[in-house]
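A.B. asks: Here's the letter readout for the chains.
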Amino acid sequence: MNKGIKRIVSTAITAAMILGVAGCGQSGGAPKEFSPKYSEDTQYKLSVVGTYSNFESLEREFERFYAHYPNGEIQYTSLDDYSNTIVQALAGQEPPDIYVVQPWMYGNEKFESLFEAAEVLSDPSLKIDLDCLRPGVKREMEDGSMLTLPVFATSYGMLVNMDIFEKEGLKVPQNFSELKETCEKLRAAGYESPLMGSNTNTTPGIGYAFAYPMFANVVKNDRSIEADLNNLVPSAGEALREPLTRLKELVDSGCIDIDKCKAEIEDDYNAVIMRFFEGDVPMMLCSGDVVSGTKKRESKSEAFSDNPFKYDFYVAPSGDDGGYYMDSVSITFSVNKNSANLDMTNEFIRFLTSEEELGLMAEMKRLITPTKDYSLDEVYASLSGFPEKRTISASDTEILDTAVKEFRAAAYAVINGELTVDEAVAGYGTLSN
Amino acid sequence: MKKRFIIIINILIVGLILFIIVKYANDRATESNHASIASFEKMTITTEQIIANYLEDEQHLCDIWSNYINRSAEAGTPMTVDEAISYIRKAKISPEIQGHLIYIDDGSMKGISTSASTTDPSNFSVNYSHISIFDNFEIDNVADGVVNLTRAYTNPLNGVQSIAFLKKVKVLDRETGVLREGLLFRVVPVSRLEQKLIFLKGEYEKVEISLIDWDGDYMIHGKSLKNSNFFEYFKSYNPMTTQEYNKVVETIRTGIGSMHIRNSKNEDCVIAYTPLTGLDSWFLVAYIPANELTVSRSIDWLLLGIVSAGLMVLLHFNLFILMGFNRKLAVAAEAANQANEAKSYFLSTMSHDIRTPMNAIIGMNEMVLRDSHEEAILTYSESIRAAGNTLLGIINDILDFSKIEAGKMEIIDVDYNFVSLLNDLVNMVQRKADEKGLNFSLEVDKSIPRILHGDEIRIKQVITNILSNAVKYTKEGSVVFSVSGRKCEDKPDTVILHVSVKDTGIGIKKEELDRLFVAFERIEEKRNRNIEGTGLGMAIAQSFLNMMGSKIQVESEYGKGSEFSFDLEQKVVKWEPLGEFDKAFKRFVSERKLYRVQFTAPKARILVVDDMEVNLKVFVNLLSRTKMQIDTADSGDACIALFKRNLYDVIFLDHMMPDKDGIETIREMKACKDTPNSKTPVVCLTANAVSGMREMYINAGFDDYLTKPIDTGRLESMLLMYLPSDLVESPEDSGEEEKSEPAAVKNILAVDDDIDFLRKLREWLSGSYNLVVVKSVEQACEYLEKHETDLILMDDHMPEQNDFDKGKLLRGSFKGMNRDEITSQIKEFIERSES
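Chain order of the listed sequences is A and B. Numbering-wise, the working numbering puts 345 at position 345 of the first sequence, and it's gapless, one number per residue. Position in the second sequence (from 1) plus 433 gives the number in the working numbering.
Some hints here could point you the wrong way.
Said to hold, decoys possible - The list that follows gives simulated cross-link-like pairs (lysine to aspartate or glutamate, EDC-like), each with its CA atoms no further than 16 Å apart:
id	chain 1	residue 1	chain 2	residue 2
1	B	Lys668	A	Glu56
2	B	Lys543	A	Asp81
3	A	Lys171	A	Asp312
4	A	Lys295	A	Glu378
5	A	Lys110	B	Asp553
6	B	Lys656	A	Glu388
7	B	Lys656	B	Glu677
8	A	Lys220	A	Glu388
9	A	Lys405	A	Asp228
10	A	Lys45	B	Glu627
11	A	Lys296	B	Glu665
12	B	Lys639	A	Glu363
13	B	Lys920	B	Glu1002
14	B	Lys698	A	Glu63
15	B	Lys656	A	Glu73
16	A	Lys295	B	Glu1002
17	B	Lys668	A	Glu298
18	B	Lys698	A	Glu56
19	A	Lys300	B	Glu665
20	B	Lys639	B	Asp650
21	B	Lys656	A	Glu63
Hints in this document: simulated from the structure, not taken from any laboratory.
Please model the entire structure based on the sequences and the hints provided.
C.D. replies: This is the structure:
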């Protein structure tokens, strides 16, 4: 080999090494290319079980993984009655290699076996690049180990019809006063209820989507009340006053017509999307899970097909200085450490844990990516660079499901005039019953 | 053909061959693909049968469990749930398979299992209330004799994806002592079925077999089929309208077959589908990438390249060889051209050299016939005329045949009067028949339309040839000439003439019939050597008829006679029937006269140029009774001198002359400006009658063309055409030929809007009648107010006029008649009115 060729080869190897050490977390750097650990001829058969009846975004990742390991098969199965069958499945004759763990399963005794069976993904020997994940969505165990890989994140806020704002010459409001001002202008322009949403006491409902992030921010700023809230101590209800008051103010200001919402939006998912696609709603309160359903329904809405418009997801501007971004985990994956194909299972998770693959999955599912790069789906572009101080991540609070249910009930009662803010605050602990 | 055309054609042929190769390869691939797909469908059906059998077997095992439990109930000793499960636990062999028995009569969907929960070995209870397997499956539909199969679901006890075969059972509630209705599940892991499918793939390595239910939800599916529902998967990657999608779903649900689909990578794939026998709403879908199943249709470019190169080499080789051949052919063609030119020259010369003395012979003989009153001399002279005409006929036959061979003979269709055509034919043949003492009979269908459209000259020539032969080869007896017509059914504006000539002549042997139409062949040469002829007549006649879409039929009995016939399709211009031709013809024959001059023109002056003095003499003598002033010139130069000096009404100029021939002379005449004859018509008078001569003379500058020997009638007709009408007088003006005309001149008023026709009438009738012509009925009425007339002659196309005296009005299709026919009709009318 002559010197010229040697120089070229050595330069190429050096360049590859430099690129190789660059992690996916390096902003602005080139994405790290996946390099298979095992032979391309490796034969394997993996199973993934979860709650989604369809998981096309994951199945696309299978295909992408096959490009590196073509002699295998990964099958996704939706388990019936997941919360009651996953534990049995893990202990059964055909245990899955990868299984879905939902955030609410943390701390629940019933699902302890899920965490006991989980591989430690933060084990350095696995070389899973967990750095590409946003710190807020990582969930570590008490010993600092990480047993679950966040696959999708979600949040609460509103879908904004950008064409209406452009037509009316308005900017998307960034704080509550701007919101009231904008709504006034929109009402003057003929939009009866500038904000709409599902009038339910569920998470995508009006009260939760608008005011819960504010409530979480209150708890984040004063973690001392968290235990009482989780224990449904009535006095802890005071923490609900600020968000409930703002919610009442929203209704009273005429930004949202609750009766209209109740009449025109029958459920908290499909109806929310289809009503938004009618094209005459400037802002629609909802959760990230609702946003994930928009892509498939674009073609199902005749109104949207006839008059398509641009829409984006924004945090609801509930605070005086701006809205609060709930950076929540939607679902996570765990690896069954007793898997018969543990090496290839970990290899698949290593493949999946990158900005590109998780970003592609989120983009296809239209949920929020758990990585630091929001750029793949422009619907969520507004979340990129959101101020840290108004971001509430999973690790910032530990509000249990019981407290969340109380808040949802209080918010629903206040916006529907069933309770005043004072009554709701005073009734904390008994509201969800 | 030019070289580049040959190259283009060769390239096209090469392209065509390559195209055929590619198409053939594609067709074979398509054929092979169809066979592959059919084979794939067959494999699918076989797999379906195996799966169906397996499912039936599983159901049968479930039925055995249930039957045992139910028989106990029927026997009055019903089993409790625990006893039933205990029995199943003993009965089942495979540890993977579980038996679940749940109560359905209270809707609790709870019961017990043969196996314990994987998380609690002491817990055998099972609960189906949270598993929606009965959303699309009615428990009431669980029946005997069929496979009662659930969708794939998660076994609540071990979390394994399973299917279950169901059967209703009667069990005893131990607590209440009541007989209750339960549902027995034979729970089989889906993986067990999947393992069986591995062995069903047969020859197809990449086939993926899926089982789907009515809604498209998978029981099992291969790794390529995404989504939890096949139809959703199909819709995601195969964009189409809702109608098209519904059609696809319906197709899969209702039949057996295959179709191409796109997979998630947009690759072409084939699915074969078939319903599972014995199961309601379950279908087998076999999936395979299309490239695994079908033969690649890619073209073998190397093979194509080799073939192309080979063909190009062949093309160049052929071109090289062809060029060599072409050089030889060019030499041969040159020689052939020279030979052809020599032949043409020979024909031209022969025609000219024979016709020139013939002109003198026939012309002078005509003078004798006109001027002699001695019977014997007239007889001799008549013989000369007959012989001359025969010789002329032979020359004409040779020229016609030369034209046919050269492909220059054309059929020129014109409107013609069929009566006139018959007149000419009968007139010709009657004379010859009379001379031989033959009885000539004429049978003409009176319904034949009078005015037809066709090539009158060639038809006349054909019939003349046949009739002449009939007369020539018949020593005694008769010749029967019959013509009939029938309408053509397909073409309403045409008539099919059937022409037949039957004789009692020598007949033709059967073996000789084939030679009848061969040129220059004469049948029984020795026997007929005294009969004149070239052997061309029938060949020419057959050629003409072929050109007109017909052919001569011959029936002959040797020694007894022959019949020649043909059918000829002619367009009909006027459907007016020709009527009783025999009578008309007999009258015509009886009135046949000797030569009579058509006109006189004492004031007209014409010039005739010919290098042969005798020809000049003939020309002048033939026209002597026209009383024209005729100057003669014996050379081109003499002609030009006269041309410059005197004004002529018509000039006849010979072609073949020494020193300066006719063409050189006319060029000089056309170039000459110092002449009073710049507008004088110049007619080429030539003995050169070979094909293409007319065009040649017209192109050279002549106005018309007249062949020698001169036909007096044609010459006079031509003069009538070119002479100024004011110079033309009727023959009676000269007072010489009055003797033969009726004593009292009748007044005739001719009414027609066609001036040419009126002019013609004037030419034809002015000599015999006091003819007045008017262009309209109005003018006729004005004339009749002040004058008397014996006859009003009006063509049929003129409108009816009631003001005219019907007794004097003669109507008919005069425009289609010749002079003799019109004269005949007028005479007949006058005779009738006088009687």
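A.B. asks: Hints numbered earlier in the text: which of these fail when held up against the supplied structure?
C.D. replies: 6, 7, 12, 16 and 20
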